[in-house]
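Trainee: Below are the chains, spelled out letter by letter.
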Amino acid sequence: MKRLLPILVLLVAATPARAATPQEGVVANVTQGKSLYAANCSRCHGSRGQGLRDQGPSLKDAGALAADFYVRTGYMPLDNPHSQPWRTRVLFTEQEIRSLVAYVATIGHGPAIPSPQWQTASVAAGRQLFADHCAGCHQIAIAGGVLPGARIPPLNQPTPRQIAEAVRVGPYLMPKFSTKAITPTQLNDLVAYVQYAKRPDDRGGWAIGHLGPWPEGMVTWLLAASILVATCLLIGRRLKA
Amino acid sequence: MIRRLVRFVDQRSGGAPFVRKALRYVFPDHWSFLLGEVALYCFILLVATGVYLTLFFEDSRSQTVYHGSYKPLQGETMSRAYESVLHLSLDVKAGLLMRQTHHWAANVFLAAILLHVLRVFFTGAFRKPRDLTYVIGLAMLFTAFLEGYLGYSMVDDLLSGMGLAIGYSVALSLPVIGANLGLLLWGGPFPGSPSFIPRIYIAHVLIFPLLIIALLTLHLVLVASRHHTQFRESPKTTEKQVVGIPAFPGQAPRSLGLMFAVFAVLFLLGGLVQINPIWLWGPYHVGEATNGAQPDWYLGWLIGALRLVPGFDLTVGGYTLVPNPFWGGALFPVVILFVLALWPWAERRVTGDDAFHNLLERPRDNAWRTSLGAAFLTWIFLVFMSGSADRVTVWLGLDYSAQIWAYRVLIWLVPLLVFFAVRRACRELLAWEQIRSD
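Residue numbers (the numbering used here), protein chains in the order written: chain A, 15 to 255; chain B, 40 to 477.
Just to be clear, a hint being listed does not mean it is correct.
Each pair of labels, with its calculated beta carbon distance range [stated by the list, open to error]: (1) 431(B) / 216(A): 21 to 27 Å; (2) 216(A) / 167(B): 50 to 56 Å; (3) 241(B) / 212(A): 38 to 44 Å; (4) 192(A) / 110(B): 25 to 31 Å.
Read the hints as simulated data drawn from the structure, not as lab findings.
By construction, the Cβ of each residue, glycine as well, lies at the ideal position given by its N, Cα and C atoms.
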C-alpha cells in the first residue's frame with residue numbers, strides 16, 4: 015500500500031484539470047464549436063439547433079448563458095433525453111467549452127453569460143428571496159430535496175455564475191425567473207445568500223449537514239443511545255461481580 | 040454531630056422506619072433495569088435546562104423587525120418568540136449550550152423510554168400485578184411525544200410553522216369534531232390567533248411537565264410498592280422472594296454514577312453537536328416552506344404514515360366525513376397506543392393465565408409474544424423509515440414514488456417474515472438449551 019500511494023498521487027495529479035471553473039486566456043473557436051455541436055448535441059437538438067420532437071428543445075435564443083450552464087455543470091450532453099440531468103464530470107476542455115458556447119450563442123439572439131456582483135450584495139435580502147422562491151425545493155440551508163418527479167440538487171457545488179444562470183434558465187422542473195420576477199440586483203443578493211449558506215456563520219458545534227431532525231435522530235441513536243446503553247451494560251456487569 | 044442532626048430530624052418526622060425500609064429496598068441486578076433510570080435522568084435535566092430557557096423566552100407572536108447580532112437576518116420581520124430564541128442562542132451566556140442540551144435531552148429521553156418499554160414488553164414485565172404501572176408508562180410516553188412536539192413548535196421558526204401546519208390539518212381531519220377542535224385549539228384559522236403561542240408555551244412549560252411528573256410519581260410508587268421484577272437467575276429463584284442488591288450501599292452509588300453519565304453525555308452533545316440551528320431556518324411566515332422538513336425523530340413514524348397512506352378521503356354524499364390526514368396522523372398512533380395498552384389484558388384472555396408474575400420471561404421463553412411484538416415493531420419501524428425516503432432520493436437518486444410504493448408493500452410483507460423468523464429463533468434457542476442441559 016505504501017508503495018502504491020505515490021503512484022496514486024501521481025495519477026490524480028496527472029488527470030487533466032477539467033473545466034468546471036472558467037480559465038483566462040483561452041480563445042473560443044466557432045468552427046470548432048460547430049463540429050463539437052454536431053458530434054455531441056445534434057442527436058437531440060437537431061443539426062442546426064432547431065430541436066427535435068420528444069428529444070431535445072430548440073436552442074434558438076438559448077444564448078451563451080444556457081449553453082455555459084448546461085455544459086459546465088455536466089448536465090449536457092445527456093445519455094437519455096428523458097432522464098433528469100444531474101451534475102457530473104465535465105468531459106470537455108476549457109477551449110472546447112468556450113467554442114461550443116460561442117457556437118450555440120450564434121443560434122438566435124440569446125442572453126450572454128452573466129457575471130453576478132455578489133461580493134457586495136446583501137445576504138439578508140438574498141435570504142428572504144431564497145426563503146420565498148427557492149427553499150421550497152432546495153431546502154433553506156441549500157441541502158437539496160425532492161419533488162414529485164424530480165430530485166432537487168443541493169447548492170454547495172454550483173459556482174456563483176452557475177447559480178445566476180440557473181435562475182434565468184430554469185433547468186429541468188425548475189421555474190425560469192425573468193429579470194422582472196428577480197431583478198439583476200436581487201439576483202446578486204440571491205447569489206450572495208447561496209455563497210453564504212455554503213459556509214454560514216455557524217454556532218453550536220459539529221453541524222451534521224444542516225439538515226435538522228434527520229441527522230439529529232441518527233446522532234441520538236447511534237451516538238447518545240449507544241453510549242448510554244453501553245454505560246448501563248458496564249454498570250450492570252459491576253453489579254454482578 | 041451527624042448523629043445529633045439525624046436524631047433531631049427523626050424525632051420530629053418519625054421517618055426512621057420508612058428510611059430504613061427504603062435503604063433496604065432490593066434492586067434487581069440486570070443492566071436492562073437501568074434504561075428506565077436513563078429516561079428519569081433525562082427528564083431531570085430537561086426540567087433543569089428548561090427553567091434556564093424560560094428566563095429568556097418570550098411567548099409572543101407580535102411581529103418585530105430584527106436588528107440583532109446575526110447579520111443574515113437583519114431587517115427581517117419575525118415574531119418576538121423567534122427573536123427571543125435567536126437572542127438566547129447567539130447572545131446569551133450559555134444560552135445555546137442550554138438550548139442544545141435541552142433538545143438533545145428530549146431526543147434521548149424518548150429513546151430511553153422506548154428502550155425501556157421494549158425491555159418491559161419483551162420480558163413480560165407488564166403482567167399482573169404490574170399492568171397498571173405499564174399503562175401509566177405508556178401514558179407518559181405519549182405525553183412526552185406531545186410535549187416534544189410543543190417544544191419544537193413554540194420557537195416559531197420555519198420548521199415550527201410547517202410542523203404546526205401539519206398538526207392543524209390532522210386536527211381538522213378528526214371526524215365531526217375536527218373543524219371546531221382545530222379552531223378552539225388554534226383560536227382561529229391557521230396560523231391561529233396571537234394567543235396561540237402563549238397557549239402552547241404554558242402547555243409546554245407547565246401543564247405537560249406537571250402531567251409527566253404526576254404520572255412519573257405514580258409509576259415509581261407502583262414500582263416500589265410491588266417491587267421490581269427479576270430474571271430467573273438460578274433454579275432456586277421463585278416468584279415469592281426478591282434477589283438483588285440493596286438501595287444503599289449497593290444501588291445508590293451506581294445509580295448516581297449513571298445519572299452523571301447521562302448528564303455528561305447530554306451536556307457534551309449540547310456543547311459539541313449542533314441541533315436545530317434556527318438561525319439558518321429563519322422565522323416562519325405563512326406560505327413559506329423548506330424542502331426536507333422533518334419532525335424530531337420520535338415523531339418520524341407519524342410523518343411516515345402520512346406519506347404512506349394513499350390519497351383518499353371518506354366521503355358520504357358530497358360531504359367529506361374523514362379527510363386523508365386522519366388515517367396517518369390520528370388513527371395510526373391511536374391504533375398503536377391501543378394495541379400496546381390493551382396487550383396485557385389480551386394476553387391474559389388468550390392464555391388464560393391470570394396469576395401474579397414476579398419472575399420475568401426471557402424473550403425466547405414466550406415465542407408468541409416475542410414474535411408478534413417483533414413483527415409489530417418492524418411494522419412501525421418501516422413506517423418510520425419511509426418518512427425519510429426523500430433523503431434517500433437526494434443521496435442515492437432512488438426514485439421517490441417508487442420507494443413509497445415499495446414501502447406500501449414491505450410494511451406488510453417484512454413483519455410477516457420477521458414473525459416467522461423470530462418464532463423459529465425462539466424455539467431453536469429453547470431446543471438448543473434443552474440439548475445442552477441433557
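Trainee: If a hint holds in the structure, say so; if it does not, say that too.
Mentor: Now for the hints, and whether the structure bears them out:
1. The beta-carbon spacing between residue 431(B) and residue 216(A), approximately 26 Å, falls within the hinted interval of 21 to 27 Å.
2. Under the hint 50 to 56 Å, the C-beta atoms of residue 216(A) and residue 167(B), about 54 Å apart, fit the expected range.
3. Our hint of 38 to 44 Å for residue 241(B) and residue 212(A) holds, since their Cβ atoms are close to 40 Å apart.
4. One distance hint, 25 to 31 Å for the beta-carbon pair residue 192(A) and residue 110(B), holds here, with the actual separation near 29 Å.
Hint violations for this structure: none, all hints satisfied.
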